[in-house]
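Top to bottom, those sequences are chains B and E.
The C-terminal position of the first sequence is numbered 157 in our numbering, with every residue numbered one higher than the one before it.
The C-terminal position of the second sequence is numbered 157 in our numbering, with every residue numbered one higher than the one before it.
Hints are computed from structural coordinates only; laboratory data are not their basis.
Please note: incorrect hints may appear among the correct ones.
Same chains, same names: a pair is fine if it fits in one copy or spans any two.
Computed list of lysine-lysine pairs in DSSO-like fashion (alpha-carbon distance at most 27 Å, straight line) [claimed, not checked]:
1. K133 - K81
2. K109 - K133
3. K109 - K81
Protein chains: 2
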Amino acid sequence: MTDALNVLEIAEGYIALWNERNDTRRRDLLASNWTRDARYVDPLMKGEGPDGIDAMIVGVQQRFPDFEFALLGKPDGHGDFVRFSWGLGPRGGDNPVKGTDFVVTDGGRISSVTGFLDQIPG
Amino acid sequence: MTDALNVLEIAEGYIALWNERNDTRRRDLLASNWTRDARYVDPLMKGEGPDGIDAMIVGVQQRFPDFEFALLGKPDGHGDFVRFSWGLGPRGGDNPVKGTDFVVTDGGRISSVTGFLDQIPG
Numbered sequence: 036m037t038d039a040l041n042v043l044e045i046a047e048g049y050i051a052l053w054n055e056r057n058d059t060r061r062r063d064l065l066a067s068n069w070t071r072d073a074r075y076v077d078p079l080m081k082g083e084g085p086d087g088i089d090a091m092i093v094g095v096q097q098r099f100p101d102f103e104f105a106l107l108g109k110p111d112g113h114g115d116f117v118r119f120s121w122g123l124g125p126r127g128g129d130n131p132v133k134g135t136d137f138v139v140t141d142g143g144r145i146s147s148v149t150g151f152l153d154q155i156p157g
Numbered sequence: 036m037t038d039a040l041n042v043l044e045i046a047e048g049y050i051a052l053w054n055e056r057n058d059t060r061r062r063d064l065l066a067s068n069w070t071r072d073a074r075y076v077d078p079l080m081k082g083e084g085p086d087g088i089d090a091m092i093v094g095v096q097q098r099f100p101d102f103e104f105a106l107l108g109k110p111d112g113h114g115d116f117v118r119f120s121w122g123l124g125p126r127g128g129d130n131p132v133k134g135t136d137f138v139v140t141d142g143g144r145i146s147s148v149t150g151f152l153d154q155i156p157g
């Protein structure tokens, strides 16, 4: 079960993972906050398990070397479910890309993320 | 897989189900558009299988006899996933309650709905 504190922790930890460019720290975050069979899917990419998800995140970091993710608004959740919106853009600047992620947790760890895009540059 | 047409059909069919007050037609919609093991959960209620989901919808209709659901914005989806936002309010009036539903489909039928509330009267 997720309570308000866990919801925020899950959302903030998720954003921190996407922004972590140190390989060891990123893999530690995946190991401690995600289940071993976790899967991620959005309209552009997918990843399965810590290795697959890590490779996917590294790919995005390489494609957008000067961008970082930020949590937008207030994450909310109920039961094992969490949702929150995020922005992606140059550090300290606007967010040209925005999205909303639906997260399923299992024992407090992320087991599934399904992402949707709310805004992409025209 | 959902394409743009299916996404709209799924979202519109879903809203139509919540608004359908004829028992036979509502159960027909559930039988044709949802899987037999479908489940629904939001912060306030849950239902499992066509019978459980039907009972839940009837409960909401009885609680809000003059309200109806409307699709807000444009539903979107990818793979087997669909999301859309909705409003609930008096027929033809404002929508004091708003939410966003995240739907998983299986073979074109709804197998899972996880709902979140975006706005509730203060």
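Hints versus structure:
Proximity of K133 and K81 under a CA criterion of 27 Å is satisfied intra-copy only: 18 Å inside one chain copy versus 30 Å between copies. Both within a single protomer and between protomers do K109 and K133 lie at most 27 Å apart by alpha-carbon distance, with minima of 14 Å and 16 Å respectively. For the homomeric pair K109 and K81, the shortest alpha-carbon distances inside one copy (25 Å) and between copies (23 Å) are both at most 27 Å.
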